[in-house]
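Peer 1: Listed below are the residues making up each chain.
Protein chains: 2
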Amino acid sequence: MPAIIESSVVAEIPGPLSKAAAKQLDSVWDSRAVYFVADYDKSEGNYIVDVDGNKFLDVYSQIASIPVGYNNPALIEAAKSPEMISALVNRPAVGNFPSSQWHDILKNGLLRIHPEGLDKIFTAQSGSEANELAFKAAMMLHRRKERGEGVDWTHEETSSCIENSKPGSPDLAVLSFANSFHGRGFGSLSTTRSKAVHKLDIPSFDWPKATFPALKYPLEKHVEENAAEEKRSLDEVEKLITSWRFPVVALIVEPIQSEGGDNHASPAFFQGLRDLTKKHGVTFIVDEVQTGFGATGKFWGHAHWNLTSPPDIVTFSKKAQTAGYFFGDRQLVPDKAYRQFNTWIGDPARVIMSGAVVREILDKKLVEQTARVGEVLYAELEKLAAKYPEYIKNLRGKGQGTYIAFDTVDSATLVKSMKKLFVNIGTCGVNTVRLRPMLIFEESHIPTLLAALEKVIESMSLIW
Amino acid sequence: MPAIIESSVVAEIPGPLSKAAAKQLDSVWDSRAVYFVADYDKSEGNYIVDVDGNKFLDVYSQIASIPVGYNNPALIEAAKSPEMISALVNRPAVGNFPSSQWHDILKNGLLRIHPEGLDKIFTAQSGSEANELAFKAAMMLHRRKERGEGVDWTHEETSSCIENSKPGSPDLAVLSFANSFHGRGFGSLSTTRSKAVHKLDIPSFDWPKATFPALKYPLEKHVEENAAEEKRSLDEVEKLITSWRFPVVALIVEPIQSEGGDNHASPAFFQGLRDLTKKHGVTFIVDEVQTGFGATGKFWGHAHWNLTSPPDIVTFSKKAQTAGYFFGDRQLVPDKAYRQFNTWIGDPARVIMSGAVVREILDKKLVEQTARVGEVLYAELEKLAAKYPEYIKNLRGKGQGTYIAFDTVDSATLVKSMKKLFVNIGTCGVNTVRLRPMLIFEESHIPTLLAALEKVIESMSLIW
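Line by line, the protein sequences are chains V and P.
When we follow UniProt numbering, the leftmost residue of the first sequence carries the number 1, and every step to the right adds one.
When we follow UniProt numbering, the leftmost residue of the second sequence carries the number 1, and every step to the right adds one.
No wet-lab data here; the hints were simulated from the structure.
The list that follows gives simulated cross-link-like pairs (lysine-lysine, BS3-like), each with its CA atoms no further than 27 angstroms apart:
hint, chain 1, residue 1, chain 2, residue 2
1, P, 107, V, 42
2, V, 145, V, 166
3, V, 336, P, 416
Working from the sequences, and respecting the hints, build out all of it.
Peer 2: What follows is the structure in structure tokens.
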């Protein structure tokens, strides 16, 4: 592989065939965000191939959502299984008419890797939907407690909610953090705080936003400052919970703020959030849409925190290849049927795929591999950062598997140039480069990535 | 088939195996809404089989979402295709890295049946998501026009939207009708007005609700009254648009209010909505999640209206086996990339299935069949209604394919009893029975349905 980057001919990316395909697509489907058009039949493992025949080491992985590699044989087998064909062809309203296999599909798949203490599941189709379902569960629980167990709904409640009025449609808030991303539905978008392009012109709920700790790097040189910063954020959270104009019923947080710039906080900070939410009866929702499924070197990002008691709800999507939320407390199941419900409640076909992903991860010990490879990768990046401190700043993700990121001078130019050296890599935040390799990324791939990165940085430092 | 209903032994539905399976499922996944647990391997065509071996004529079709029958051979073929296996295994972030087949999958599938004038598409995963995406497109278009073409976003806008504050997060409304159902996300739920069980305890936007015309049946005996009723509703719509406390940017309506009770209105009423929305620059969204894909005897429910100009947006899901919206005006594509975007933007696997559904519907002329069979079915139900006028009231859906419904005395008891006679049938509204057979429902199935219905009604009339 390193041979590729020694090529003297720099390809035009996207190439002519990609451009033509994107243009054709654009007549019926907005294709302005297309980087290149892919040939998935030729893609394999960690490598994605485009229609021009360019082969890229993929450390972006479909916005962090390919778990175990392109054309993974175990996934192909699952895709060909009779169970899958039935799920594709006989799509059920799974809440009303689940298949006889549904229990085992969940039990032998997603439930094998449920977060500790959260052994029940609600299935969904996207991270955004999973988060909104979590909010709704928290809201119904809050009102159930207010109402008192067994107290029935009043006529005033049931009639006013149809009018979108109180008391049936109450003012209830979900607290989120500055720079967070939790999705693009009207509820989830009200908790997303990363970029204007996600939010502009869309009405939102009047929900509170707390500052996320802005840690200084390297962490070991800023211990006291960072602890003070986290304390400040926790105090702000508590103040918002206790003083907001209406009840804050849930708090949602990513273990690592991904879209917002790969912002980390310490286990102590998250323990603080657990304590505060418990103290004030706020549902603690951990959004593991991007951090879940192993890339941090543990199956769940929040497993790094060693919490004294688990979160109330953990949401997932992306590498799960399906979506939903885990929970433990039965009270999070609403008091009546059909309150948390929709026609499909997820997609059994995608849940079957997630089962195959889980088996592959466990069988091949890919979380352990990611932890190991991540350590080597981080150490290599540290060396490069020492050489080019202006171009690799605030290196972060130590001990977090391959979930590594750094700030740079111009992330857009950097990732564009990386594509010319056949590495597909992504950005986040303002000028952050984020690494999101798959769980099958190995030590042997590191030199390709590092060589391309050094070559690009060298060129940038020469020209600017 | 009619032999079944002559059986003297009435089965317990759900049977013991269904009950046991639902109970097992309930330990990890809320199963309170389960009618029975299905054996999809044994289900075929119009018939669903449960784990106890009971075989039901299915005129509910997974909440109106099975298009062409269980284990349809053409769909099985699509499910086994190399294209499908790739889509399942290599799930793309389709906005960034679409496959080389993506254009053709759309072009040879969903776009073959696009509503007249609406030849562009945005893909999604559920009807609720499709509607919310439509709202967002309408909102961004409204603000784009207010801002003026080419005028860039201000710093005040981009910074305030992160705070969920004006002017970046403006107050903009979507108008919907009483008894409508448009989904369960926080935005779509704010336009849903059918039942408290969907809405209670969930915060909603302060959006306007207009009365939907309450037509009297039989239509031919109430021509003037019904016209006046529709005029009243249209006047109310215009008043709400012009006097609401903030701009009404979109109006959403179902061609037939389904969840809310199978409420119909005349083509003239919908032409009135088209005229009013055009006059006031309001995006006219037709929610064809339940009415689309042929059950009304035309491919799209709104095709019955002969509008002078098409709706702005038509949303779809359910029988499409995927979801999304069609549109024509390029201005509904936001001014910048990534504004209407998410990781997956639908699911190519499900879009491939929808292509197979489209081919099957067109090849087998199933829309025409549904129109023809619906006429016979309606005529038969009219006879039964004449015999049992108290039990079949306000029969509706004439000329609307098999999209037929009637009010009755106790719809819950009726459909429960129908299951004991091996007909799976659904309810909606307050005491409405809705027929939602698949598009492969034939004349030969009518006697089974009618015989069971008559037997149940006879028993009810005897006992009550």
